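Student: Which chain is which? The protein sequence lines are A and B, in order. Counting from 1, one number per residue, gives the positions in the first sequence under my numbering. Counting from 324, one number per residue, gives the positions in the second sequence under my numbering.
Calculated directly from the structure, the hints in this document are not laboratory data. All of these numbers come straight from a predicted model, not from anything done at the bench. Note that beta-carbon positions come from the ideal geometry of N, C-alpha and C, so glycine has one too. Possibly wrong hints are sitting among the right ones.
[Said to hold, decoys possible] Some chain B residues close to chain A (C-beta under 10 Å, calculated; not the full set):
(1) Ser396
(2) Asn398
(3) Gly479
(4) Cys489
[Said to hold, decoys possible] Taking lysine to any residue and the SDA-like style, the derived pairs with C-alpha atoms no more than 20 Å apart in a straight line are:
(5) A:Lys130 <-> B:Ala400
(6) A:Lys130 <-> B:Arg473
(7) A:Lys178 <-> B:Asp560
(8) A:Lys178 <-> B:Gly494
(9) A:Lys178 <-> B:Lys351
(10) A:Lys130 <-> B:Gly479
(11) A:Lys178 <-> B:Gly564
(12) A:Lys130 <-> B:Ala470
(13) B:Lys501 <-> A:Tyr169
(14) B:Lys453 <-> A:Gly65
(15) B:Lys384 <-> B:Pro394
(16) B:Lys453 <-> A:Ala77
(17) A:Lys219 <-> A:Val188
(18) A:Lys178 <-> B:Arg473
(19) A:Lys130 <-> B:Ala401
(20) A:Lys178 <-> B:Tyr492
(21) A:Lys28 <-> A:Gly301
(22) B:Lys384 <-> B:Ala369
[Stated by the list, open to error] Beyond 12 Å from chain B on every Cβ pair, some chain A residues (computed):
(23) Arg197
(24) Glu257
(25) Ala264
Number of protein chains: 2
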Amino acid sequence: MYYVGVDIGGMSLKAGLVDERGVISASKAVPTRAKAPSEEIVSDLAGLVASLLESEGLTVKDIGGIGIGSPGSVNDAAGTVRYSCNINFRMTPIVAMLKEALGADRVAISNDANCAALGETLFGAGRGAKNSVTVTLGTGIGTGIVADGRLVTGNGSAGAEGGHMCIAYGGELCGCGKRGCYEAYASVSALIRQTERAMEAHPESLMHEIAKEEGVNGKTAFIAMKRGDKVAKEVVDTYIGYVGAGMVNFANIFWPEVFIVGGAISREGDTLILPLREYIAANIHSAAYNPPIEVVAATLGGDAGIVGAAALVMERPPRAKLH
Amino acid sequence: MYYVGVDIGGMSLKAGLVDERGVISASKAVPTRAKAPSEEIVSDLAGLVASLLESEGLTVKDIGGIGIGSPGSVNDAAGTVRYSCNINFRMTPIVAMLKEALGADRVAISNDANCAALGETLFGAGRGAKNSVTVTLGTGIGTGIVADGRLVTGNGSAGAEGGHMCIAYGGELCGCGKRGCYEAYASVSALIRQTERAMEAHPESLMHEIAKEEGVNGKTAFIAMKRGDKVAKEVVDTYIGYVGAGMVNFANIFWPEVFIVGGAISREGDTLILPLREYIAANIHSAAYNPPIEVVAATLGGDAGIVGAAALVMERPPRAKLH
Numbered sequence: 001m002y003y004v005g006v007d008i009g010g011m012s013l014k015a016g017l018v019d020e021r022g023v024i025s026a027s028k029a030v031p032t033r034a035k036a037p038s039e040e041i042v043s044d045l046a047g048l049v050a051s052l053l054e055s056e057g058l059t060v061k062d063i064g065g066i067g068i069g070s071p072g073s074v075n076d077a078a079g080t081v082r083y084s085c086n087i088n089f090r091m092t093p094i095v096a097m098l099k100e101a102l103g104a105d106r107v108a109i110s111n112d113a114n115c116a117a118l119g120e121t122l123f124g125a126g127r128g129a130k131n132s133v134t135v136t137l138g139t140g141i142g143t144g145i146v147a148d149g150r151l152v153t154g155n156g157s158a159g160a161e162g163g164h165m166c167i168a169y170g171g172e173l174c175g176c177g178k179r180g181c182y183e184a185y186a187s188v189s190a191l192i193r194q195t196e197r198a199m200e201a202h203p204e205s206l207m208h209e210i211a212k213e214e215g216v217n218g219k220t221a222f223i224a225m226k227r228g229d230k231v232a233k234e235v236v237d238t239y240i241g242y243v244g245a246g247m248v249n250f251a252n253i254f255w256p257e258v259f260i261v262g263g264a265i266s267r268e269g270d271t272l273i274l275p276l277r278e279y280i281a282a283n284i285h286s287a288a289y290n291p292p293i294e295v296v297a298a299t300l301g302g303d304a305g306i307v308g309a310a311a312l313v314m315e316r317p318p319r320a321k322l323h
Numbered sequence: 324m325y326y327v328g329v330d331i332g333g334m335s336l337k338a339g340l341v342d343e344r345g346v347i348s349a350s351k352a353v354p355t356r357a358k359a360p361s362e363e364i365v366s367d368l369a370g371l372v373a374s375l376l377e378s379e380g381l382t383v384k385d386i387g388g389i390g391i392g393s394p395g396s397v398n399d400a401a402g403t404v405r406y407s408c409n410i411n412f413r414m415t416p417i418v419a420m421l422k423e424a425l426g427a428d429r430v431a432i433s434n435d436a437n438c439a440a441l442g443e444t445l446f447g448a449g450r451g452a453k454n455s456v457t458v459t460l461g462t463g464i465g466t467g468i469v470a471d472g473r474l475v476t477g478n479g480s481a482g483a484e485g486g487h488m489c490i491a492y493g494g495e496l497c498g499c500g501k502r503g504c505y506e507a508y509a510s511v512s513a514l515i516r517q518t519e520r521a522m523e524a525h526p527e528s529l530m531h532e533i534a535k536e537e538g539v540n541g542k543t544a545f546i547a548m549k550r551g552d553k554v555a556k557e558v559v560d561t562y563i564g565y566v567g568a569g570m571v572n573f574a575n576i577f578w579p580e581v582f583i584v585g586g587a588i589s590r591e592g593d594t595l596i597l598p599l600r601e602y603i604a605a606n607i608h609s610a611a612y613n614p615p616i617e618v619v620a621a622t623l624g625g626d627a628g629i630v631g632a633a634a635l636v637m638e639r640p641p642r643a644k645l646h
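Just chain A, same shape as in the assembly (with noise of 0.2 Å):
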């Protein structure tokens, strides 16, 4: 059985047909119209859908059904998205828009990260895992629950924004207006705007060298402890602890069998993962009596998303297929 995963992006909007083992075999996308109004992006959406679908020999009947992923907050039960930052929807319900214009019995929607999350857990580097979190490090932190193949996203699916729990009482200030929250530590926006302080307070790090190719950026400090940098070292393990922290609040909540750490950084591989395994296993709540937990890279990259989309609507976990 094929299904399709949707992933809106704020530059495209990417479609895949998906099978049971997770692989796409053929996908399209157009740009995304972020500012029109949103009947036009839903209909640039069922358009996308449809020539997938009709470039492959195949009509929405033949298909298990249709999954999204959209930016911002999502309403999965109700099937609408509430809110965008950067794409023009406000209380749209686009599950409900999709399956008319589509003639669509099976449509779903989540959240962008939670799907990721769906995807690497179902399919990517968390493959077999019972239960997982998966923790995407960009200029945002996005964070996804799955348990027994399915996300875990709390009442109206408000949940799984790990991104702004506190770790910092009264601490740095996030872009959402509070105060401490994990992502104004532990996001690749926080790990340069610590780069740049730990520069200005050391005109002799190699950081300087580094940065004048491309700018701050979320490689300098890693690039410069590599090279030896003590200052950059510094920037990073204190970076890594702080990813850590976030990480061990989750395990101390929920304990999954695996972490998936996902993003830019987490192409970092062994350099940000072995010292992450190091922290969380040293702090975690009574570590010595309870399951281990392992740490890994996403390995999906930019498809984690649409397979997990593609997952939303697949009729048992699977898991239970896989397995």
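Assemble chain B onto chain A, guided by the hints.
Tutor: Positioned in the frame of chain A, the structure of chain B alone reads:
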């Protein structure tokens, strides 16, 4: 149908006969021989349950099952207590031992804070809620998460230890050896510490007079605040901010319908609950777009543990029967 709920405490073992509405119709207790070999403690438990059933004219075949709440690290699925600080349990397979001693088929166990959360959610302050988070403010902080009438405890039931989530990175030292734990800021012990510090800095505060009678305790600042003491009001306001910060973290991750606040401090009633409600509404993520979250004080008191333990062995989530 009747069920037996057992609450293992450091001072006494309590057992109650509970019906499916959560009403305790009979109960018994014996002292806990906390330092005795675990076999003897479990034998006391079995004797207590047998004696309760006998005095009600019942046998173990007449009841729906036996549920147990135990302090410490409990593996619900395995039916063992891995470790308890105060009672001599070390990888003790209580469920198997009790099944054998009583000839019972249906025995289940969970952490005592989890049982209290389940009891309050199904039959107490959270009655009717689809999902809830219970925060018990005591010497430490116990937390319990209920979704669809069942406890959420993570892999190996090692989670639901929200008292040890970090809310203040690098902050106050916690009894667990880590820094910045919720428990180190929002437990009664933490409130007492905060009260003592404020008293030291303010010899003029009314709190000194109040503490003369029974020493500094969790009520000192609340009493002084109600009599107009400004320093005490600051202590209470700050403390409520800490309590709220941990609850906001739970909200941003789980978004329950209701928070239930238990423990001695919850007896302050509206003095605690009203400002806590305000703090939470003002600090949860995207409050304008998401469903509101209710905050209530626990209502079952010491019975919550027995009733919740009994609910562990009720066949369907009682909510389905009740609403």
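Student: Please go over all the hints and tell whether each is borne out by the structure.
Tutor: Results of checking the hints against the structure:
1. The closest approach between the C-beta of B:Ser396 and any C-beta of chain A is roughly 5 Å, which is under the 10 Å cut-off, so the hint is satisfied.
2. Here the hint on B:Asn398 is kept, as its CB sits about 9 Å from the closest CB of chain A, short of 10 Å.
3. Hint status for B:Gly479 relative to chain A: holds, with the closest Cβ pair at about 4 Å, below 10 Å.
4. A cut of 10 Å between beta carbons decides the hint on B:Cys489: the least distance to chain A is about 5 Å, and the hint holds.
5. Annotation: proposed proximity of A:Lys130 to B:Ala400 holds, straight-line Cα distance about 14 Å (limit 20 Å).
6. Between A:Lys130 and B:Arg473 the alpha-carbon distance is near 17 Å, which keeps this suggested pair within the 20 Å criterion.
7. Only pairs whose Cα atoms come within 20 Å are accepted, and A:Lys178 paired with B:Asp560 is accepted, the gap being roughly 18 Å.
8. Pair hint A:Lys178 plus B:Gly494 holds up; C-alpha atoms about 19 Å apart against a cutoff of 20 Å.
9. For the suggested pair A:Lys178 and B:Lys351, the alpha carbons sit about 49 Å apart, so the restraint of at most 20 Å is broken.
10. Distance hint between A:Lys130 and B:Gly479 is fulfilled; the C-alpha atoms sit about 11 Å from each other, no more than 20 Å.
11. Pair hint A:Lys178 plus B:Gly564 holds up; C-alpha atoms about 13 Å apart against a cutoff of 20 Å.
12. For the suggested pair A:Lys130 and B:Ala470, the alpha carbons sit about 17 Å apart, so the restraint of at most 20 Å is met.
13. Restraint check: the Cα-Cα separation between B:Lys501 and A:Tyr169 comes to about 16 Å, which is no more than 20 Å; the hinted pair holds.
14. Distance hint between B:Lys453 and A:Gly65 is unfulfilled; the C-alpha atoms sit about 28 Å from each other, more than 20 Å.
15. Note on B:Lys384 and B:Pro394: the hinted pairing is violated, with a Cα-Cα distance of about 27 Å set against a maximum of 20 Å.
16. A distance of roughly 14 Å separates the Cα atoms of B:Lys453 and A:Ala77; the hinted pair therefore holds under the 20 Å criterion.
17. Distance check on the hinted pair: A:Lys219 and A:Val188 sit about 9 Å apart at the alpha-carbon level, within 20 Å; holds.
18. For the given pair, A:Lys178 sits about 32 Å from B:Arg473 by alpha-carbon distance, which is inconsistent with the 20 Å threshold.
19. Simply put, A:Lys130 and B:Ala401 have alpha-carbon atoms about 16 Å apart, close enough for the 20 Å limit, and the pair holds.
20. For the proposed pair A:Lys178 and B:Tyr492, the alpha carbon gap of about 16 Å is at most 20 Å, so the pair holds.
21. The hinted pair formed by A:Lys28 and A:Gly301 meets the criterion: a straight-line CA distance of about 17 Å does not exceed 20 Å.
22. Taking the CA atoms of B:Lys384 and B:Ala369, the gap is near 15 Å; set against the 20 Å cutoff, the hint holds.
23. Every Cβ of chain B is farther than 12 Å from the Cβ of A:Arg197; the closest lies at roughly 16 Å, confirming the non-interface assignment.
24. At the 12 Å boundary, the C-beta of A:Glu257 falls inside the reach of chain B, the nearest C-beta of that chain being 5 Å off.
25. The beta carbon of A:Ala264 is kept farther than 12 Å from every beta carbon of chain B, the shortest such distance being approximately 23 Å.
Hint check: violations occur at hints 9, 14, 15, 18, 24; the rest are consistent with the structure.
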